[in-house]
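Listed in order, the protein sequences are those of chains X, A, R and F. Those letters in the first sequence? Residues 1 to 323, per the working numbering, in order. Those letters in the second sequence? Residues 1 to 323, per the working numbering, in order. Those letters in the third sequence? Residues 1 to 323, per the working numbering, in order. Those letters in the fourth sequence? Residues 1 to 323, per the working numbering, in order.
Please note that a few of the clues may not be correct.
Identical copies go unnamed one by one, so any copy, or any two together, can satisfy a pair.
[What the hints assert, rightly or not] Once the Cα atoms are required to be at most 20 Å apart in a straight line, the calculated PhoX-like pairs of lysine-lysine come out as:
#1 K184 x K285
#2 K285 x K166
#3 K166 x K184
#4 K72 x K184
#5 K274 x K227
#6 K166 x K227
#7 K166 x K141
#8 K172 x K227
#9 K141 x K285
#10 K166 x K323
#11 K285 x K323
#12 K241 x K88
#13 K172 x K274
#14 K285 x K172
#15 K72 x K274
#16 K172 x K323
#17 K141 x K184
#18 K141 x K323
#19 K72 x K285
#20 K285 x K88
#21 K50 x K141
#22 K285 x K241
#23 K166 x K72
#24 K166 x K274
#25 K323 x K50
#26 K88 x K184
#27 K172 x K184
#28 K166 x K241
Quick caveat, the hints were computed from the structure, so don't treat them as lab data.
4 protein chains.
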Amino acid sequence: MNSFGRIFKIEIFGESHGQQVGVVVDGCPAGIPLCEDDFNEDIQRRRSGKIGTTPRIEADIPHIVSGVFNGKTCGTPITILFDNTNTKSGDYANLVAHPRPGHADFTGKEKYHGFNDPRGGGHFSGRITLGIVAAGVIAKKIIAPVQISAELVEVGGRTDIEDCIKETMQEKDSVGGVVTCVCKNVPVGLGEPFFDSVESCISHIIFAIPAVKSIEFGSGNAAARMKGSEHNDNIVSADGKTLTNNAGGINGGITNGNDIYFRLAVKPTASIGKSQDTFNFADNKVEPLTIAGRHDACIAVRVPVIVECATAIALADLYLINK
Amino acid sequence: MNSFGRIFKIEIFGESHGQQVGVVVDGCPAGIPLCEDDFNEDIQRRRSGKIGTTPRIEADIPHIVSGVFNGKTCGTPITILFDNTNTKSGDYANLVAHPRPGHADFTGKEKYHGFNDPRGGGHFSGRITLGIVAAGVIAKKIIAPVQISAELVEVGGRTDIEDCIKETMQEKDSVGGVVTCVCKNVPVGLGEPFFDSVESCISHIIFAIPAVKSIEFGSGNAAARMKGSEHNDNIVSADGKTLTNNAGGINGGITNGNDIYFRLAVKPTASIGKSQDTFNFADNKVEPLTIAGRHDACIAVRVPVIVECATAIALADLYLINK
Amino acid sequence: MNSFGRIFKIEIFGESHGQQVGVVVDGCPAGIPLCEDDFNEDIQRRRSGKIGTTPRIEADIPHIVSGVFNGKTCGTPITILFDNTNTKSGDYANLVAHPRPGHADFTGKEKYHGFNDPRGGGHFSGRITLGIVAAGVIAKKIIAPVQISAELVEVGGRTDIEDCIKETMQEKDSVGGVVTCVCKNVPVGLGEPFFDSVESCISHIIFAIPAVKSIEFGSGNAAARMKGSEHNDNIVSADGKTLTNNAGGINGGITNGNDIYFRLAVKPTASIGKSQDTFNFADNKVEPLTIAGRHDACIAVRVPVIVECATAIALADLYLINK
Amino acid sequence: MNSFGRIFKIEIFGESHGQQVGVVVDGCPAGIPLCEDDFNEDIQRRRSGKIGTTPRIEADIPHIVSGVFNGKTCGTPITILFDNTNTKSGDYANLVAHPRPGHADFTGKEKYHGFNDPRGGGHFSGRITLGIVAAGVIAKKIIAPVQISAELVEVGGRTDIEDCIKETMQEKDSVGGVVTCVCKNVPVGLGEPFFDSVESCISHIIFAIPAVKSIEFGSGNAAARMKGSEHNDNIVSADGKTLTNNAGGINGGITNGNDIYFRLAVKPTASIGKSQDTFNFADNKVEPLTIAGRHDACIAVRVPVIVECATAIALADLYLINK
């Protein structure tokens, strides 16, 4: 459902045009310094405003309403809320009958028998990832000194990223991108063989981020074309450091002390200004759809901080289990 | 840990050279016809014997010891056991001090503080996937008429798969491959937004399969190079069928009624006959290691049936939750 | 932790003198009519104001901030918040050093290494049960036509309940009570053998209610003094109705279609006006403690509605699993 | 379902007259000495043979088939199996049509739509508690130096227990009893406020034991008749020791370092030799039933060791979570 984790457990909630979105973080150890300012940096990174992002600008001010006392976590559930203020629900009225291709309009309506909130994508909105970012800020504190950095390395197959996005916007189109993530200072021994492998847990939460289409750990797809003698990472010291890192820091599902490394593909935003043919359930036939609304031309621009935070959540859970 | 699923819940256990490996399947509906012969086809597909697979041959006869009465499932936990008979534990004695690169020898020892069973890889052995296959055979019955087919489409970057493996074996090396998987007749509405997205659940269990390095859904990596106008799958009929399937059958984490499609990279088997330099903890220095033992030259050959079964397990759980 | 349920899953949060308390309800089916007024009746029953209850009066107005659209549940997480307004934190300052006997002051401090919020009992406050009541109101709608009624049948061993409480208040003391609960129109087949027996699930959540000391199902304690020929409930019709109901509506952990019946003992409120000797960690010796603050003389008065709501939550989860 | 625990997780399986019953213990730390002899004492205590117990005698030899290597736990799932050998299935054939009152014959048939194994009670048999005992033996090692002792203190309301059982057997009847349990050397801080309170977790698993009808912690039912000034346990030293123990060692759901104490009522065995009137679904009317088979006259005799083991399992899970 909308929860993740076994010990460090988060529950996210909200709709794009509802009153509030947020997260409850359960299982956070007591005594960790935490205040509302701590969220600023990552929330700013996630916000729109940069090139290629939606003109809907939200203040995104975090309200901590439980679980923190005198500037430290209590050990009890931490609830963080964000108000939705800048909503223009009129834009989305006709999308119920004429679902946007590539979006969850059709599946949302079917799954919830038409009772889902369709305004701004409702619960399927990328806005719900604010809760993931907020939880991730806390998770990062738990797993310190682990350091996680994700970055956008490619858009539309190009590395001149800004130019590519500008051209795309002129075409009233959208474009995908590639995000890489590296985790440094990871202790040996996180994760489990099989179902709670580090790859299982990270991929589980990474695919919770809307628009992610693939994930590759270490050598990734290239592994399929390699020989064992090339792929094997020879251990060169007693702490398990290896010469190469095709494993991406994980053997048998368990961290080996080298950097965790993975990369992922983000699809182009489904909402585009260009006209598209798709089924109109009111008229019962395929008809052109032009999406007004406000949307990102390249959602991949906003993804890196969410990837970092999601990864931190997965690692925090594995770290607390391992202890 | 070693369990997966919320309603259709499996628990796998065993070590490569222990007495038995197996699985408990909890949450299987009552009244499903099930007998030991039902496992034969998929167990045969998983067994070694084909080119590129280990000379260790096991009978792999399933023993159903609970949960089935008069040829039908009871609704209670189904336990299926397999004996380990063909074990040669002597081969692996020195690997504790001199861990194989690319293998879980080092991480297993660290995680379990040296108490893990090192014989044949112990609990990290691919042999434990027998339990996944057995559970998958049951899961396939639950989700019928969904049909899942996985196949090996590439080895070492080549499609003349047998030739590539033969050459690799002559070099005492191993090689990776690509497996694709398609699920047909999938109902609309399986999965959840965010953490229990279909991609999250499938990737979680797919990365439980040893040697998998990547997973791509639908357009996968190609999405990062596409425009929205190319990537969006236009809906062409009232049941949600789309003209293209870049989504891989999933929108907003939820099945849209089109085929689920994904592909994955399998790394070359870590155990190779070729000499490799790696750290010897007994001597506290890097030294050459030659692995005798018995192993697969291309583990990817045995992966497709495990992918099918793992996918069936994930879908059976989502299917029972959705009901 | 602070969550309950497998399919109908709730997460409660908040501190007595924090900003807000509340609950997230995940897994509620879509399309159930729900508005803020629906909570009034049960919230009023839970509120103080009646004889024997604390003079701290809170408005307890529910704010639904997610999961409801156009007066119906969306199928997505429902978040309900309540403001804390009438807080007088000064009263509780010295209780950190001089923990109240019978209260969680000592265990809370130890468990959370002194970082818990001590004001008004913090997260251990009965105020957090507001979230259980709110979730229970929703659960009752799911399990309709099941009807759950709990009532206070005894206080201080007496049935002239009001008089007993008045006398207790004059003594600046508190007093315990007995609450019974009956569930009517329960379908056959809820619950599981062993760990998810109906008794297991109900007792689990009932013991989440502060001050509950015991639970008895059906014949309860009396069963220990009975013969099988007296205790067995003879089945008298094809729908499983029995002549007696010593089973309390449950056989082998599974509902048998008769009324579920249980009773529980509620201890006297730990906070009393009378002076008590207890350990003062500041002075490192036993010293008299007189508790000012505001508290209930008989917390059992407020328990029945919480018992009903908690039971509804447990049954809603079992009901959705059973489907 | 048939699993319990979040970190120390067990899964039990089997039917009374199936091939094997057993348990998988997942999440047990590595390096704990464990061999098959370790189970003997508790298995002997659980076995029949004593007065009031069934004449069905099973060897109950534990087979550890995974998770133990060189006499120590590996950290991987431990599977323990027991053969069913002494089965006489003929006895139970007619009970499908004519369900035993007080037994799960009716609810089992309804829940599993007639597909459950009815022989010897199938999965509802007390025989399945062997898995709980086996897991408990391991749990006891984890929580050492915590010591758990349960004993039968009353049968049929009398303390001359053997005499009471003998008289009951002569009447071809059965009789209930009272079991008490005390846990010594419990650390402060196990358990959580609300849903994972120690009482919630212990009662959850205790009600998984067939025939348990009630549980009282500390003062239990007596609390309902007490004043706060009597009930409060005054703290008398800096380690939290209290003068009295009405709390039963738990405040706010969390252990306070004093003994955990609880008592429970066990109903009389449902199967009795005396004739009883109950519904015959074949004839569609109430008819006398006389149960041949083999059964316990006082199942309470066998319960104490199961209570100890179940409690150890709950505490081991809370202990590992708390770490």
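Okay, the hints, checked on the actual structure:
no. : hint        : verdict
1   : K184 x K285 : neither (53 Å within a copy, 25 Å between copies)
2   : K285 x K166 : neither (34 Å within a copy, 54 Å between copies)
3   : K166 x K184 : neither (33 Å within a copy, 39 Å between copies)
4   : K72 x K184  : neither (26 Å within a copy, 34 Å between copies)
5   : K274 x K227 : between (45 Å within a copy, 11 Å between copies)
6   : K166 x K227 : between (41 Å within a copy, 13 Å between copies)
7   : K166 x K141 : neither (36 Å within a copy, 51 Å between copies)
8   : K172 x K227 : between (44 Å within a copy, 10 Å between copies)
9   : K141 x K285 : neither (53 Å within a copy, 36 Å between copies)
10  : K166 x K323 : neither (48 Å within a copy, 46 Å between copies)
11  : K285 x K323 : neither (58 Å within a copy, 30 Å between copies)
12  : K241 x K88  : neither (53 Å within a copy, 30 Å between copies)
13  : K172 x K274 : within (5 Å within a copy, 55 Å between copies)
14  : K285 x K172 : neither (25 Å within a copy, 60 Å between copies)
15  : K72 x K274  : neither (49 Å within a copy, 34 Å between copies)
16  : K172 x K323 : neither (51 Å within a copy, 40 Å between copies)
17  : K141 x K184 : within (14 Å within a copy, 37 Å between copies)
18  : K141 x K323 : both (16 Å within a copy, 18 Å between copies)
19  : K72 x K285  : neither (57 Å within a copy, 29 Å between copies)
20  : K285 x K88  : neither (28 Å within a copy, 64 Å between copies)
21  : K50 x K141  : neither (27 Å within a copy, 46 Å between copies)
22  : K285 x K241 : between (60 Å within a copy, 13 Å between copies)
23  : K166 x K72  : neither (44 Å within a copy, 42 Å between copies)
24  : K166 x K274 : within (15 Å within a copy, 51 Å between copies)
25  : K323 x K50  : neither (40 Å within a copy, 43 Å between copies)
26  : K88 x K184  : neither (42 Å within a copy, 39 Å between copies)
27  : K172 x K184 : neither (39 Å within a copy, 34 Å between copies)
28  : K166 x K241 : neither (43 Å within a copy, 33 Å between copies)
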